[in-house]
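Here is how the chains run, residue by residue.
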Amino acid sequence: MFEVVAFYLFAALTIVMFTITVMTQQALYALTAMAAGMIFISAFFFILGADFLGAIQIIVYTGAVMSLYAFGMMFFDTTRDVVEKRNNPRFVVVLGGLAAVLIVLIVLAPIVTTDLNAHYPIDVSVGNSQAIGMVLFTKYLVPFEVAAVMLLVAMISGIVLAGKKMDKSLTLMADEEIALMHASSHHTPEEGGH
Amino acid sequence: MELTLNHYLVLSTLLFAIGLIGVMRRKNLLMLFFATEILLNAVNVGMAAISHYRGDYTGQMFAFFIIAIAASEVAVGLGLLIVWYKRTGKIDLDQMTSMRG
Amino acid sequence: MEIYLYTALFSPLIGSLIAALFGASKKTYFTGVLASGLLLTSFISSLILLTYVMAGHTVHVEMMTWIATGDLYIPFGFVVDQVSVTMMMVVTTVSTVVHIYSIGYMSHDKGFNRFFSYLSAFVFSMMVLVMSDNFLGLFIGWEGVGLCSWLLIGFWYHKESATWAANEAFIMNRIADLAMLIGIFMMYWNLGSLQYDVVFANISALPMPVITWIGIFLFIGAMGKSAQFPLHTWLADAMEGPTPVSALIHAATMVTAGVYLVVRANPIYSEIPDVGNAIASLGAFVAMFAATMALVNRDMKRIIAYSTLSQLGYMFVAAGLGAYWVALFHLMAHAFFKALLFLGAGNVMHAMHDELDPFKMGGLKTSMKWTWILMTLASVALAGIYPLAGFFSKDLILEVAFVEQHYILYTVLLLTAGMTAFYSFRLIALIFHGDKRHLEHGIHPHEAYTFMLYAMAPLAILAVIAGMVFKTPYYLMVTELLPAVQYHIHNHTTFWIMTIGTQLFVILAIAYAYKKYAKAVKVDKKVESGFFYQLLYNQYYIPKIYDEVFSKPYLQLSKLAWKQIDLKIVDATVDGIANIIYQTGEKTHTMQNGNLSSMLRWMVIGLVVLLVLAVAFTAGYNAVNLRAM
Amino acid sequence: MQEHILSILIFFPALAAMLGFVVHKDSAKAYGITVAGIEFFLSLWLWHIYDPMTSGMQFMEIAPLVSAFGINYMVGIDGISLFIIVLSAFFTLIGILSLTETRRVKDLIITLLFLEMTMIGVFSALDAIVFYVFWELSLVPMLYIIGAWGGPLRIYASVKFFLYTFTGSLVMLVGMLFMAYFYYQATGQWSFSLLEWYRLILPVNYQMWLFAAFFLGFAIKVPMFPFHTWLPYAHGQAPTIGSVILAAILLKMGTYAFVRFSLPLFPDATVAFMFPIAILAIIMIIYGAMVAYAQEDIKQVVAYSSISHMGVIILGTFALNVEGISGSVFLMIAHGVVSGALFLLVGVIYDRRHTKLMSEFGGLASVMPRYATIFGIMMMASVGMPLTINFVGEFLSLLGFYKQSHSYTLVAGTAIIVGAIYMLSAYKKAFFGPVTKEENKNLKDLNKTELYGLVPLVVIAIWLGVYPKPVLEPINNSVEAIVQLMHDKAQTPEAKKRIPNLANTGTMNSVSEVH
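Residue numbers (my numbering), protein chains in the order written: chain A, 1 to 194; chain B, 195 to 295; chain C, 296 to 924; chain D, 925 to 1439.
One should not assume that every hint holds.
[Claimed, not checked] Okay, derived cross-link-like pairs now, DSS-like style, lysine-lysine, Cα gap no bigger than 25 Å in a straight line:
1. D:Lys-1361 / C:Lys-405
2. C:Lys-454 / C:Lys-655
3. D:Lys-1353 / C:Lys-858
4. C:Lys-321 / D:Lys-1368
5. C:Lys-854 / D:Lys-1353
6. C:Lys-454 / D:Lys-1361
7. C:Lys-405 / D:Lys-1353
8. C:Lys-405 / D:Lys-1368
[Said to hold, decoys possible] A few chain D residues that don't get close to chain C, going by computed Cβ distances all over 12 Å:
9. Val-990
10. Leu-1063
11. Gln-1109
Since the hints were made in silico from the structure, they are not lab data. We put the CB at the ideal spot given by N, CA and C, even for glycine.
The shape of chain A in the complex, shown without the other chains:
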């Protein structure tokens, strides 16, 4: 019973949070709502007994991803309202809903009709994290390593892409120098910003 209550509670919260994320005009609201939504999502993982996944969810999303976004938003100066041109919002909603319903239909159809066999059955004798580790480092070792390399590549590329002119430190420069630097560049953030 507790699980049911928890499920409905978190489901409602998640939906609200994500709706805010999608609908709000304020970038800051969106960010905050999403961070909250992410944490609520992890609740489902815990309910489902996927403790490790839940932990990862919190760490990665709220820890890493959200802080990345936060830094990004600082960079873009998104404190002001996000003005967006809207065209035909009803169409958008209908389309999204339709897609969702169809996916459910397709996903449910085989589950309802046939019995699937487990490749890697859940072993109740050991804890979730341990079991995950067992599977991850045996059957999924290669994908895991590939994912690791991918993350590394992503990290490096993120630094390289975003980090140009990082050798200049704005805090150590005089205001004139900064103004000069901005003036020399045609597309400065300020031009677009203000």
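Go by the hints and put chains B, C and D onto chain A.
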């Protein structure tokens, strides 16, 4: 009342729909990224639920990798976004039309 | 004997090939003499074969396989029997004469060597035609003579009319050849062979409609070669060729190939007397039809050509009525005197600088005495005056018609005999008698070379004696193979009345012709502008009708097929499809406006469509499966 | 060497072509002649060691390519393919010998050698995938030849040629894949081997679909009405050498494929589609001839005449008896020789006058007698004069189809009439009459190089017309095997009736057939 897989799948679908709506209506690139995160998370919920109800770790494994990919995506995506912003001073989708066919 | 057979067959080919080697080089008498010599060889070999056949033997050789596939087996096989040896004799005799004559006739022509090459090639084809022992071998010769005829009619290829006539002749013959091919196909699929002996031995076992169709198709083939109505127009136009060609091909040999075919296929036609009657009726019609056109024509060679046509009609009457040996006999006699007539006309043409209108000639008997004698002789023979060849062969056909109780045919043929006499002597009178009208055109005629006259002499002798001397031995020989039917009118009184009556009728016609044309030519404007005169003069307007009904519409239709159908419909459709695809790309590329947001929207639409499809198909599949269960 | 003769024949020209890149451009032609000459002699040797009495495949070679799906490099020849291979080698040689092109000769010769590889590959392939690969590869050199050395509209023509034929062959590929799939369903194994496929008896409704798929690919290549419109453009724009190879060899791929694939694989469908296809063939014959008659450009006359003749070939193929199929295979070779020669001849006059309009000529017979003679001989061969090569094929084709239908054959037989009409009138326009144009008065007659190319063709045209046995006999033996196979595989009573059974009757007794 017992929770079934279908509950989770419906939830997952709802979240996915929200994500899709976001993807379609957002013009700001950063906001678009948020929407994609929602999509990924919606799928993750489904994965974990199936994993649970079928007693199979494969679903969790997938969710795990999806998280990893989402993280990389954000890293690279934000990097590109910053470069773009430095160039043009805008992150509005309607202005990115250099791919016009 | 085989060696004589091969000699007779291949000598002309060798002559042709040697002459062809010199084809593009300058005129050398050597080629002409050589070709003539080789033909003489062929003639002598044929003569030896004739004596052999007269003794009651036949020669049958199989040289080599030609086409063999599936059950079809066609060799190059040759047979010398009573029928083919007749044709061989006719062909070699006339062609030897014509070759020698041509040395003189063509001596001023640039294409002298080429001419002999073609002419000998023609003789070879003709020999293949008559000597083959199967229908496809005959078809080789059949097409071969068609080819040579094309080459020779169009010999003076710089003349538009000559090349046009050559093409007309070839194409008309092709129409008939198609029917012949169909006949051959029918024979093969029904009898499994095309050898004469196999076909003739088994033909009577076939169902009646099949034999009838075979007979009809073969006869249509014969109609083309023998220029029977309605495929007759090419023969008159073929007179564009050099005159020796007309003598050899379009009078003596090639055009009689159709008669030969019917005679050769007599076991088939004996089975189907109805078709035979049709052939005879058509023959009588053509005899009359051609003779009427000859009455008024103003072209010397065309007149003779129409007379040839008319005589071919006679032969078909005989063949159609089952009197095969009579047809063949008239074929032979006709070959001699008609070739003689043409060669004489050639002399006149030479003398008159290629003038063909007899109304512009006249009084030539003084300057061209021998030609006059020879041509008169030939005309007498043609008219069928006793005791020349025509009397024995042509009047025999009249008797056949009478004996077989086809009185309508008889009447038609009798009338035609009168017309024949009239137009033949109209020509003689116009050319050789009366005023020297040619002087107005500044032409001074001269007699032909002596050796040309000597070359014509054998034909003249044959035209005189062929009927009288050859009739009985020929009958005895050829009836070994052909049905031996004697056509006698048993009632003596009737016989004598008929014979003398016919003779008188013919002589009267001749006299009328002389009276009307020998002295001064009076042109009766009223008659000439009359409907019938114009109708005949314009050959019943048939060439014009063909031109309007077939040639021109065909060209129009062809142009239409190309410009409208091919380019505007078929090709345009293909290009249209390509364009639709291209345009679709052009139109939809605005979708790719580079706006990420709209692209995402498209992506979602695509996703939805795919999902709908997936659901629909799964549902459909399940429904089918459930029903199957 | 004997057991690898086919691979050598296929890949030797390609290897030589690659080596050709390093040959100096002045000696390119000599190099090309040498390679093509060696190849031709190899093909003659192949003919020599070929056993004409055997009806099955000879000189088979098998090497696995993708064993999981049963795709093998598998080649072999029988009497049907043998002569087309010899013809391919022969025409490549003749083509290079009589080459008058001056622009980028080296590239042209290398392209031709590649083309030779694909042609021989197509005709010797016994694996559907290998066949398909060579089939498609043959488009590339041809596209290049038309596109690089062609006339003013060459880009349009070559793109049309390529896309058109490519579309057709894609459908054919789908058919092949389905065929392999059916084979898999039937036997549990994948195989693309033609010989394996022969053993498969398909349900009739499958046969219909597969026949249709293969048909589209082949019909466009032939080209059959109404898919023929690429041909006039391709011929009109291609250089002489391109037209020669296109007409002589490439078109034969389609008809050859009918004999090789459609007939033995789908006998019931073949019988079911016989009359519709016969109608198309008749349209090709008459319509092609009519359009040819209307042409003003002599090359287009020859191009449309090809369509007309290909109609006869199709008709013979669908006669479904030994006489007809042998005739059509023979006619493929005959038409190759004759149309190849005619295109070479048109090229000769084009080189001299740089125009192909007949109105520009007239009276050429007196200016160029040798040229007129050879053209005349080839024209007569094209018209189907007995004792020339075409007659044997046309006669047998029509004879064969007569067994199936009397009236159709009667209509189709008009080929000999309409063929004479357009050919003779074209010849008349170009060669007869007075010389009217000043430029034509001093034209040079055929020179030595041109005679080298043309005289052998004349010799063949007459030799095989008089004595077709050396070619007809091996063809006949292989065709008998195919007909028997078709009869054995046939399921519908209609097909059993239409396709003769050779095993029982042996040689047809002339009397026993009589009722």
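Consistency of the hints with the structure:
Restraint check for Lys-1361 (chain D) and Lys-405 (chain C): the C-alpha separation of about 22 Å stays at or below 25 Å, so the hint holds. A threshold of 25 Å between alpha carbons decides the hint, and for Lys-454 (chain C) with Lys-655 (chain C) the separation of about 22 Å falls inside it, so the pair holds. A hinted pair counts as satisfied when its Cα atoms are at most 25 Å apart, and Lys-1353 (chain D) with Lys-858 (chain C) qualifies at roughly 20 Å. Distance check on the hinted pair: Lys-321 (chain C) and Lys-1368 (chain D) sit about 18 Å apart at the alpha-carbon level, within 25 Å; holds.
Proposed proximity of Lys-854 (chain C) and Lys-1353 (chain D) is supported: the alpha carbons are some 16 Å apart, at most 25 Å. Taking the CA atoms of Lys-454 (chain C) and Lys-1361 (chain D), the gap is near 16 Å; set against the 25 Å cutoff, the hint holds. Simply put, Lys-405 (chain C) and Lys-1353 (chain D) have alpha-carbon atoms about 22 Å apart, close enough for the 25 Å limit, and the pair holds. Pair hint Lys-405 (chain C) plus Lys-1368 (chain D) holds up; C-alpha atoms about 20 Å apart against a cutoff of 25 Å.
Residue placement check: Val-990 (chain D) keeps its beta carbon more than 12 Å from all beta carbons of chain C (closest about 30 Å). With a minimum CB-CB distance of about 17 Å to chain C, Leu-1063 (chain D) clears the 12 Å threshold, and the non-interface call stands. Every Cβ of chain C is farther than 12 Å from the Cβ of Gln-1109 (chain D); the closest lies at roughly 18 Å, confirming the non-interface assignment.
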